[in-house]
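Quick note: the working numbering has the sequence shown finishing at residue 87, numbered continuously throughout.
In case anyone wonders, no lab produced these hints; they're calculated from the structure. Beta carbons: idealized from backbone N, C-alpha and C, even for Gly. Incorrect hints may have been included.
[Claimed, not checked] Label-pair restraints from in silico Cβ distances:
(1) Q5 to G64: 30 to 40 angstroms
(2) G6 to D32: 16 to 26 angstroms
(3) S37 to G11: 17 to 27 angstroms
(4) L8 to G71: 11 to 21 angstroms
(5) V34 to G65: 14 to 24 angstroms
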Amino acid sequence: FASSQGALIQGNTVAGNNFVGIDSCERCMHLDNVVFSNGGFGLRNLGLGGSAYGRNTFYDNNAGGDQVESGGVEIAPNVCSGNTICP
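Using the sequences and the hints given, assemble the complete structure.
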């Protein structure tokens, strides 16, 4: 799932990708998504252009490693499993 700029990414289930779940979105808002069983981070490149995220669930991404790549602004709690960086 890759998007461009200024999008609201909300209410999606993103699963089973060989790479990251949600990738490279500048100035985007990520809310209420369930992201699991992806080969890389559940959510990546948050630092691009001030993206924000909240109320998402991430599990079993990135081979049990960090679920969310650092960066971005957490505007509400997120739920993560495993050995995670999930602010």
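query: Would you say the C-beta atoms of S37 and G11 sit inside 17 to 27 angstroms of each other?
result: 18 angstroms, holds
G6 paired with D32, Cβ distance criterion 16 to 26 angstroms: 18 angstroms, holds
query: That 14 to 24 angstroms hint for V34 and G65 (C-beta), does it hold up?
result: 19 angstroms, holds
message: Taking the Cβ atom of Q5 and the Cβ atom of G64, is their distance within the range 30 to 40 angstroms?
response: Given about 31 angstroms between the Cβ atoms, the range holds.
message: Given the hint of 11 to 21 angstroms, is the C-beta distance from L8 to G71 inside that range or not?
response: At 19 angstroms between Cβs, range holds.
This entry satisfies every hint, going by the numbered hints stated previously.
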